[in-house]
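According to the numbering used here, numbering within the sequence shown proceeds without interruption in unit steps and concludes at 247.
Calculated from the structure, these hints are not laboratory results. Each residue gets a CB set at the ideal place from its N, CA and C atoms; glycine is no exception. None of the hints are false.
When the alpha-carbon atoms are kept at most 20 angstroms apart in a straight line, the in silico DMTMM-like pairs for lysine to aspartate or glutamate are as follows:
| no. | residue 1 | residue 2 |
| --- | --- | --- |
| 1 | K102 | E178 |
| 2 | K189 | E97 |
| 3 | K109 | E71 |
| 4 | K225 | E95 |
| 5 | K102 | D182 |
| 6 | K213 | D202 |
| 7 | K55 | D122 |
| 8 | K55 | E131 |
| 9 | K109 | D75 |
| 10 | K109 | D146 |
| 11 | K55 | E86 |
| 12 | K225 | D182 |
| 13 | K55 | D75 |
| 14 | K39 | E178 |
| 15 | K189 | E246 |
| 16 | K66 | E86 |
| 17 | K224 | D93 |
| 18 | K166 | E178 |
| 19 | K43 | E241 |
| 20 | K39 | D104 |
| 21 | K224 | E178 |
Derived CB-CB ranges, DEER-like:
| no. | residue 1 | residue 2 | range |
| --- | --- | --- | --- |
| 22 | D182 | G52 | 20 to 26 angstroms |
| 23 | K224 | T42 | 17 to 23 angstroms |
| 24 | P145 | K224 | 32 to 38 angstroms |
| 25 | W217 | K43 | 28 to 34 angstroms |
| 26 | A128 | K169 | 26 to 32 angstroms |
| 27 | K39 | D122 | 28 to 34 angstroms |
| 28 | D142 | D93 | 34 to 40 angstroms |
| 29 | E207 | M243 | 29 to 35 angstroms |
| 30 | K169 | K148 | 16 to 22 angstroms |
| 31 | G57 | W174 | 27 to 33 angstroms |
| 32 | K39 | V124 | 36 to 42 angstroms |
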Amino acid sequence: MHNKLTILFPTLLLITLISCSMQENEKGWTKLFDGKTTAGWHKYGGGAVGSAWKVKDGELYLDTLAKADWKIKEGGDIVTDKEYENFHLKYDWKISKNGNSGVMFYVQDDSVKYKASYETGPEMQVLDNDGHPDGKIFKHHAGDLYDLIPCSTKTVKPVGEWNHAEIICDHGSLTFKLNGTAVVQTTMWDDAWKELIANSKFKQWPGFGAFKKGHICIQDHGNMVWYKEVMVKEL
Numbered sequence: 013m014h015n016k017l018t019i020l021f022p023t024l025l026l027i028t029l030i031s032c033s034m035q036e037n038e039k040g041w042t043k044l045f046d047g048k049t050t051a052g053w054h055k056y057g058g059g060a061v062g063s064a065w066k067v068k069d070g071e072l073y074l075d076t077l078a079k080a081d082w083k084i085k086e087g088g089d090i091v092t093d094k095e096y097e098n099f100h101l102k103y104d105w106k107i108s109k110n111g112n113s114g115v116m117f118y119v120q121d122d123s124v125k126y127k128a129s130y131e132t133g134p135e136m137q138v139l140d141n142d143g144h145p146d147g148k149i150f151k152h153h154a155g156d157l158y159d160l161i162p163c164s165t166k167t168v169k170p171v172g173e174w175n176h177a178e179i180i181c182d183h184g185s186l187t188f189k190l191n192g193t194a195v196v197q198t199t200m201w202d203d204a205w206k207e208l209i210a211n212s213k214f215k216q217w218p219g220f221g222a223f224k225k226g227h228i229c230i231q232d233h234g235n236m237v238w239y240k241e242v243m244v245k246e247l
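Starting from the given sequences, assemble the full structure and let the hints guide the process.
So this is what it looks like as structure tokens:
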């Protein structure tokens, strides 16, 4: 009996994993990170993903020990090879103590016209609220639509724990979810959206938040950060 159970359990586990994978595919989800490589991504402005972005145990992480400065080739923001228009993005993130990062969308991958990803792409903030200086700034907390709209409620988990985030862009309707709770809901590109930008740090960049299609971007802010289970569904 013991031997039969020993054989049966791994078989059932394998069937369950295959079933879950098939269900994800059936629902239209596509993995943006395969858990093994940085395939499907490149450095903002072009070129291969820098060596400071590493993959281990199914996690994509920024190794700050492997780079001297966020501006040099070993690090830097990374963007998807593909552009997205209407989509549902979901991912898990974990930040280091005093760390800062973020996920941007509708980024225009043109480093000649836009020297940085944040000149065009709105951001869902990734932050150690308690340790990083931005934790003291309104609209700069984890889960915020960075510098535009604060979270309606604080659902972020402590440093070292995984957070589950979602960004849903559907024909101008924008929703952020953090750990299962909708924390930001707004409409893009209308007069109220333009006013938000006009009253933010982004007002100096006319291309910010103006595009309806673009790349998804993971930010290198100079701190250790981990991502996994990065998936997208086009709407």
